[in-house]
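Q: Let's have the full structure, built from the sequences with the hints guiding it.
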Amino acid sequence: MADPMKIRAQLKGDVAEIRVLMGHAMETGQRKDAAGKTIPPHFIQSLTVEVGGKKVVEGQVGTSVSRNPVFGFKVKGAKAGDKVVVSWVDNKGDKRTDEAAVA
Amino acid sequence: MNTTRRTVLKSATAGSVLAGLIAAGALRPTQVLAAEWNKAAFDAHDTASALKGIGAGTPMDSKDLILKVPDIAENGAVVPVDVISNIPNTTSISILVDKNPSPLSASFDFANGALPEVSARLKMGQTSMVKAVAKADGKFYTAQKEVKVTVGGCGG
Amino acid sequence: MKTNITRLSVIAASTAGATALMLAGCASQGSQSQAFPNHASPAAMKQATLAFKRDFQAKGIAGIDRLTTDKLQDVCNRSANNPSPDIAAILEHEELDRIKYPADGKFLGNWKAGEKLAQSGTGMTWSDNPEKPVGGNCYNCHQLSKTEISFGTIGPSLLNYGKLRGNSPEIQKYTYSKIYNSKAYNACSAMPRFGHVGALNETQLKDLVALLLDPESPVNK
Amino acid sequence: MKYRIAVVATLAVAGTGSVLAQAKDPTIAGIEKYREMLGDDNPAELYEARGEILWKMKAGPKNASLEKCDLGLGPGVVKGAYVQTPRYFADAGRVMDIETRINWCRTSLQGFSEADVRKRPFGSADKPSEIEDLVTYVVTASKGMKVNVPTSHPKEVEAYELGEAMFHFRAGPYDFSCASCHGESGKRIRLQDLPNLTTTADARRAYIGWPAYRVSTSRVHTMQWRINDCFRQQRFPEPKYMSEAVDALITYMAQTANGAEYKGPALKR
Chain A
1 MADPMKIRAQ LKGDVAEIRV LMGHAMETGQ RKDAAGKTIP PHFIQSLTVE VGGKKVVEGQ
61 VGTSVSRNPV FGFKVKGAKA GDKVVVSWVD NKGDKRTDEA AVA
Chain B
1 MNTTRRTVLK SATAGSVLAG LIAAGALRPT QVLAAEWNKA AFDAHDTASA LKGIGAGTPM
61 DSKDLILKVP DIAENGAVVP VDVISNIPNT TSISILVDKN PSPLSASFDF ANGALPEVSA
121 RLKMGQTSMV KAVAKADGKF YTAQKEVKVT VGGCGG
Chain C
1 MKTNITRLSV IAASTAGATA LMLAGCASQG SQSQAFPNHA SPAAMKQATL AFKRDFQAKG
61 IAGIDRLTTD KLQDVCNRSA NNPSPDIAAI LEHEELDRIK YPADGKFLGN WKAGEKLAQS
121 GTGMTWSDNP EKPVGGNCYN CHQLSKTEIS FGTIGPSLLN YGKLRGNSPE IQKYTYSKIY
181 NSKAYNACSA MPRFGHVGAL NETQLKDLVA LLLDPESPVN K
Chain D
1 MKYRIAVVAT LAVAGTGSVL AQAKDPTIAG IEKYREMLGD DNPAELYEAR GEILWKMKAG
61 PKNASLEKCD LGLGPGVVKG AYVQTPRYFA DAGRVMDIET RINWCRTSLQ GFSEADVRKR
121 PFGSADKPSE IEDLVTYVVT ASKGMKVNVP TSHPKEVEAY ELGEAMFHFR AGPYDFSCAS
181 CHGESGKRIR LQDLPNLTTT ADARRAYIGW PAYRVSTSRV HTMQWRINDC FRQQRFPEPK
241 YMSEAVDALI TYMAQTANGA EYKGPALKR
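Protein chains in written order, with my numbering: chain A, 1 to 103; chain B, 1 to 156; chain C, 1 to 221; chain D, 1 to 269.
Calculated directly from the structure, the hints in this document are not laboratory data.
Some hints here could point you the wrong way.
[Unchecked claim] Take a look, some chain C residues computed to stay more than 10 Å from chain D by CB distance: (1) 103; (2) 106; (3) 116.
[To be verified] Heads up, simulated DSS-like pairs for lysine-lysine below, C-alpha to C-alpha not over 27 Å straight-line: (4) 53/C - 240/D; (5) 53/C - 155/D; (6) 53/C - 145/B; (7) 127/D - 92/A; (8) 145/B - 54/A; (9) 39/B - 55/A; (10) 59/C - 37/A; (11) 32/A - 68/D; (12) 116/C - 99/B; (13) 32/A - 132/C; (14) 145/B - 33/D; (15) 59/C - 119/D; (16) 146/C - 33/D; (17) 56/D - 155/D; (18) 37/A - 139/B; (19) 33/D - 46/C; (20) 148/B - 268/D; (21) 37/A - 127/D; (22) 143/D - 99/B; (23) 116/C - 148/B; (24) 143/D - 12/A; (25) 63/B - 76/A; (26) 76/A - 139/B; (27) 92/A - 39/B; (28) 240/D - 59/C; (29) 221/C - 148/B; (30) 132/C - 37/A; (31) 12/A - 263/D; (32) 37/A - 119/D; (33) 143/D - 56/D; (34) 127/D - 32/A; (35) 68/B - 263/D; (36) 268/D - 145/B; (37) 32/A - 46/C; (38) 56/D - 99/B; (39) 68/B - 268/D.
The C-beta atom is built at its ideal place from N, Cα and C for all residues, glycine as well.
A: Okay, here's the thing in structure tokens:
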């Protein structure tokens, strides 16, 4: 199972700075293993960020995002305690949803 | 397809437009919940095709689109990229790396108070131009910078 | 180059048999002595030798025989890389005598192959495939060309190496010798003895000489 | 012997691409900006989270957790333990670094065999090893604390001296010692700075950067790995995992780095 995400959401004024660290191989499908066999692609394709129940960011990503991706977003109008929910789905259909509160 | 997806997000607050689109057959209802991964754009092997894939065509250069990248990457496995759009009504930002096998790296739509800003970390196979593309009021804008990818370590 | 007169006289003094070609070749580059401090006592160095034997194991092509030091390594280890001038001169002479020169008398190979070699840092480690050619490791320690910005600084810059020295037979021979066995010119130099230990073969050494001396090489552009 | 040093100085001034000139190189500024932009978001946190679970989970033939493990500050004390190792452990009769000690607890408390803990110390990006997770958890708990490695026990003095001597031992096909790369200040391999580990300032800078998540390998490397890979590049045979030799080298470095503030696992090339 995929590692839980690390989500940080810090309020600066009325803007929440959200940083998300995801544990994922982000395999490109172009690498070869020690035996010379091509490693099949395995990568996050889409992600969503919700703050206080509203979808604020919807992203699509490709294989050139680094392994163990880190993303940063900013959301205006957020309040301390607002729930931040981040979800991702990869090309194999694996998914993960984690949450944190705006601090 | 991607253009419609963006419209969906942008109009998430304007339910009537959305209903209209569905009624007009422009959208399948499932697309409202989760947009399909834009395979054509992400699989494109050159920047022009990738831009076409996201509906950007030939975007205009803009000084209001700020792309922050290091001039030199100590390693191509992780290249930090920050994009900030000061263009009014920006609803989406995409990031591309010209010389990657698939140039389109990521595409983000913003709604409900999300500022048109994103930071991400990308892989770069070699020294290349990195491009940011922003969409605002239906128009596409771009900014680009070169990142030199260096050979590091003892090489053994 | 005049600024290096002190260095020239030092070398001349330390290697009594120094030839004119050496002097010319070393003029502005040469290798640096390793001047780092070593406070380890002889007793501690002995303990270290024992610890290496006890706590290291063979892996891949890296056998434990690699821990057996030769005479030169011994002297450098015991003198904190600063042997007396007399001893250094003897060692350098011995190393110079060990250099095997190409039978065809030619020193210049292909600079393009040399550049590839200079870029490669592989070879001789326990994870290396012994079937594959060993890299020159040059950029790890030296600046060589304006085009490659990722270069090390353990050794001196070799930018314009050939431009500064010309391409005379003496320079060619000196350059070949220096890469073959750097210790022939500085007993405790930090630079490996690439030819002496069989890491680089004659063709590779010639290619590296060409990289340094060919007017078309990026080193001299 | 002084003249040799003087010669080096002459070279630095006269050399065509002198070190002095390179210090102002835009390349260096570019690399610095890159490192700055990498920021604080470190995938090592994923290791830390797994490590905490492993620490608290009952495991091994004795079905015990590691929560009673004595890392030097008493059973169960994790916070601050890392910055006070390597140290002499009376129960083991030797100086141990943090990784050696955690494995000692895995054998003594959890009942794993010596062979078990030595089987796969260095994992891969796809499959990190358990000890890498555990070490990351333990070292992160010392974030912000000063490196304060004990130096008074005779065995600690001995380990330092052995480490220092090993550091200067040249051998192998390339005549390298640790000092070949880490014995002079202001040098680099390719674009990577080489800390001069014989100086306090550089030893501190280097020591607080380990363990580290390396973007080039996409995984966390421990100090045991760091020493191991240095010897690989040195073209030496392999140092045995958790051996006194490796722990002595870590002791030499840690004692030299005493006083530095530990910043937690680093994020680096």
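Q: Find the hints from earlier in the document that the structure breaks and name them by number, from lowest to highest.
A: Hints 6, 8, 11, 17, 18, 19, 22, 37 and 38 are the ones this structure does not satisfy, whereas the remaining hints hold.
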